[in-house]
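Engineer: Taking the working numbering, I'd label the letters of the sequence shown as residues 1386 to 1904.
Derived by calculation from the structure, the hints in this document are not laboratory data.
Hints are supplied without guarantee of correctness; some may be wrong.
[What the hints assert, rightly or not] Here are the simulated lysine-lysine pairs, DSS-like style, with alpha carbons at most 30 Å apart:
(1) Lys1590 / Lys1612
(2) Lys1736 / Lys1653
(3) Lys1638 / Lys1894
(4) Lys1612 / Lys1692
(5) Lys1736 / Lys1869
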Amino acid sequence: MFANFSSTSEGLVESKPRPKANGLNLSCLPCRRKKKRCDAARPTCGRCRNSYGRDVCVWSDEKRNRSRQSREIKADQRHIQSDSSPSTTAQSSSWEVAKSDTSTNSITSPVADCPMDLGFHGFCPWTIPDAVTNISPDLSPQMFLNISTTFQRRILCLDIDFKDSIIMDSLPLALDHPPLLHAWVACSVITLSRSMPYWYEKAIKHYDSAVSGLSRALQAQNETGDKWKRETVILLHLFEGFQSRSDESVLGKAHLRGAHELFNPRVKDRSPMSYHEALVLEGYIMHTTNNYLFQPDSQLPLDHITKASETLVSTLGQLGLSCNWRHSPWIGFGGPELADLVFRASWLAHKPSLNTDDRQQVENIITRLLSWTAPACFEESLTTHLDLPPKRLVLLAKAYWCACSYLTTHLSHHDGNTVVSDDTAFVTETLELLDQLTEYEQTINNHLWPLIVVGTAATSLESQEHIRSLLPQFNQALGPGSVKRAERFLEVAWRVDHNGGMYGRNIFKDRDALYQMFF
């Protein structure tokens, strides 16, 4: 009665129903767009699954049988896991939660093949060193690639802005130096599974191994030019920002001081660098710029970031690149000049009083701020065209400009100079910019600095509550510890004395308060 019929020259003829799919035909995006049946083999083109440039999908015949075997192995492993103890199952599923944002299935074999789908084109099979598997024996190469890639996309930089794989360039170095690999595992796990006690303990152990390994290397050799050490110490500082409690700042600041020692030779060295080394240097510039205001005991020279930025720009130029948002995921939104201005303002803010040369430096900063325009602002556009910067990068650059202008305007206040400034205007404009930033689903993690700096000028209860409502937005990107430190720092700035005066910007001269803040 409910048979299917098709019209032919001989009239209606009963037609057989189309066979149903067997449920095992996974399909990648290029094949779905072409309405092509996908054989679930890994594409040899590392870009096609990202599908932002082209949709060419080239299949590898030699891997089809291996793909089928992988599915059979997964089915057997799922059957085995269903009979395992509850604790083992919970531990295994933690990796699944940590890598839930990735688009690929993990392969739990001891040796990972070329993970083309993560952009590791042409990467040879590799194994995780024993030093790492001794702590996490259930961490396979593919699991590591999944969580580290998710860590990059969530925390380090957004995939929609920066599509190159940082871990791809770091992995050969990390395999030769286990402390660096420990640091990558620790950061990836701590940022993705903070609520999982089992993996939290694993992250701490990997962190301790990275610290001890780096310490032994520094004690054994006075040479501090090894690039793996610089990358490791930056990751350790980032880890401390996530895992440390709000009342702990010693280790996080110690790693940043160590980074200054390790990067000083690199800042002055104009020898050729790889693009990955340039990215590590840029990461150091970003962390130093954002945190130097809270390092009153640091002895870096005033032109430290100037020289570092010149080295970065020179390196990128040798590679045929520019220091903009396309190639510089951390300072490209505002350019190296904005990073230099923020650092110089922070450097001068530490001084209890300003001499003639210092006042000249302040005037120079103000002049540069008045004539400064962010690289992203030159290309400002509301469209989402790939060749134009996202609107939020323009907003972020303007927020940094407002905060740096506010800080510079009040640098000479303690010398008895009369400062004419509308602090409320600074607060209002910066909060409007940050409000627009938080409307985006994804934001980069370094716009807490403008909120903290301008937040010290918030005198009304309404604006203070507004700032408190914005702080939770940074939980994922910076960790709850950093957010709590920022909240406590601002609470000190908002204290009112018996005369009704607010502490406000005086906090930038309060070393005890500054010591407690870092992110």
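Engineer: For each hint, tell me whether it holds in the structure or not.
Structural biologist: Verification of the hints:
1. Lys1590 / Lys1612: Holds, because 23 Å separates the two Cα atoms, which is no more than 30 Å.
2. Lys1736 / Lys1653: holds, 25 Å
3. Lys1638 / Lys1894: Given that 30 Å is the threshold and the Cα spacing comes to 18 Å, the pair holds.
4. Lys1612 / Lys1692: Holds, at about 18 Å.
5. Lys1736 / Lys1869: Given pair Lys1736, Lys1869 holds - Cα atoms ~27 Å apart, limit 30 Å.
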